[in-house]
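Taken in sequence, the protein lines are chains Y and Z.
Residue numbers for the first sequence follow my numbering, so the first one is 53 and each next one is one higher.
Residue numbers for the second sequence follow my numbering, so the first one is 3 and each next one is one higher.
To be clear, the hints were calculated from the coordinates, so they are not data collected in a lab.
One or more hints might be untrue.
Simulated pairs of lysine-lysine, DSSO-like, Cα-Cα distance not exceeding 27 Å [unchecked claim]:
#1 K109/Y x K11/Z
#2 K171/Y x K104/Y
#3 K47/Z x K16/Z
#4 K11/Z x K104/Y
#5 K11/Z x K47/Z
#6 K5/Z x K47/Z
#7 K16/Z x K5/Z
#8 K104/Y x K47/Z
#9 K16/Z x K129/Y
#10 K109/Y x K58/Y
Residues per chain are reported as follows:
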Amino acid sequence: MGVLDKDGFEVYATNPERTCRPISVAAHTFYEKDHPYLLHGPGIVLNLAECKFQEVKPGRTRVTGSRLTATDPYCIKLEGARCVGYRTFVIAGVRDPIFIARLEECEREVEQAARAFFKTAGSFTVNFYNYGLNGVMGSAEPHYGDPTRTPYEVCVLFEVVSTTSQQEANDICGYLRSTLLHFGFVGRKATAGNLAFPFAPSDVPFGAVYEFSLYHLMPTPEPTTYFPITWQEVRNGKAI
Amino acid sequence: MAKLYNLAKLLRSKNSGPFETTLDILFDDPAQYRYVVDSGRISRKIIAELYHIPEENISHLVFFDAAYGIKVTFQRSISSGTVGDRDVYGAQQHAPLMELEIP
């Protein structure tokens, strides 16, 4: 619950088992913002540099000192996305330690084989996400390559994004899946298949793929210039 | 020597818009906050090393004393949801920071 007064506001939880402490309120000012005390909005900057967060009684926090400044010109944010292609993906488990040790080199070779086989196809992207190695952090994973942290199993998620069609993504992903499944890597002992699929069918056509293409501040003469409001009064089914 | 997650009350990552990741480190004990700030371990150089990014990709590194909080914001290498992105909300990018040693 928030209570506003002329010098600030107070926040408290209505659930007696919850509390609202200065860190809770401070954490909220940080949340999903690029800066901790300069918060931008349409036509304004909220400046919290001189804010005070005080617990005025247990579980009740008072905030004073926020300043609101108008920006000139008044800007609104534009966001947009565009379609970049069509995705098909596969989820598979890997448990064979010899294959895990060679997994990434096998993935590179399988992608090369697919590119040679589909050389007349439209452009496409292939990505492998190896959960257990560096699935979440990618190249920033600090433990990547650490021989003391070799995983005993890995979840491999791979995707094909075709700029041409869903069918082409399906075809290329099917080729990748069957090639990786039976890939004859150096030192292989298990010749019946390299992948454990949790689902049948294994390939998931996932539809159109989008990416952000527009993210701009646009000056506007008046806040409502691009958001016109028209009123129509209707009485007894008739416009007046 | 303590790891940062032992000292912080709250340590997290998230998107701040589709093109940035932001890291929040918040404390409920002013002394712990001051200890971490004074250690000098939260710097552009160390964040750049931890996240394998050039220092110029870090747009903000701010110590906000009034809230006992530190915020670091850097450019994503791949924008949120774009093909190849591994974390659409950026919510699991805090782990390297958790393990940062504070002398």
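Quiz item: Given the proposed pairing of K47/Z with K16/Z, does the C-alpha separation stay at or below 27 Å?
Solution: holds (21 Å)
Quiz item: Given the proposed pairing of K11/Z with K47/Z, does the C-alpha separation stay at or below 27 Å?
Solution: Judged against 27 Å, a Cα distance of about 24 Å means the pair holds.
Quiz item: Given the hinted pair K5/Z and K47/Z, is their alpha-carbon gap at most 27 Å?
Solution: holds (18 Å)
Quiz item: K109/Y and K11/Z: Cα distance at most 27 Å?
Solution: Cα-Cα ~21 Å, so holds.
Quiz prompt | Given pair status - K104/Y, K11/Z, alpha carbons within 27 Å | solution = Measuring from Cα to Cα gives roughly 19 Å; hence the hint holds.
Exercise. Could you grab the alpha-carbon distance between K16/Z and K129/Y and see if it respects the 27 Å cut-off?
Key: Given that 27 Å is the threshold and the Cα spacing comes to 20 Å, the pair holds.
Quiz item: Is it true that the CA of K16/Z sits at most 27 Å from the CA of K5/Z?
Solution: holds (21 Å)
Quiz item: Is the Cα-Cα distance between K104/Y and K47/Z 27 Å or less?
Solution: Given that 27 Å is the threshold and the Cα spacing comes to 31 Å, the pair is violated.
Quiz item: Are the Cα atoms of K171/Y and K104/Y separated by 27 Å or less?
Solution: violated (63 Å)
Quiz item: Does the alpha-carbon distance linking K109/Y and K58/Y stay inside the 27 Å limit?
Solution: holds (20 Å)
Against the hints set out earlier in the document, violations occur for numbers 2, 8.
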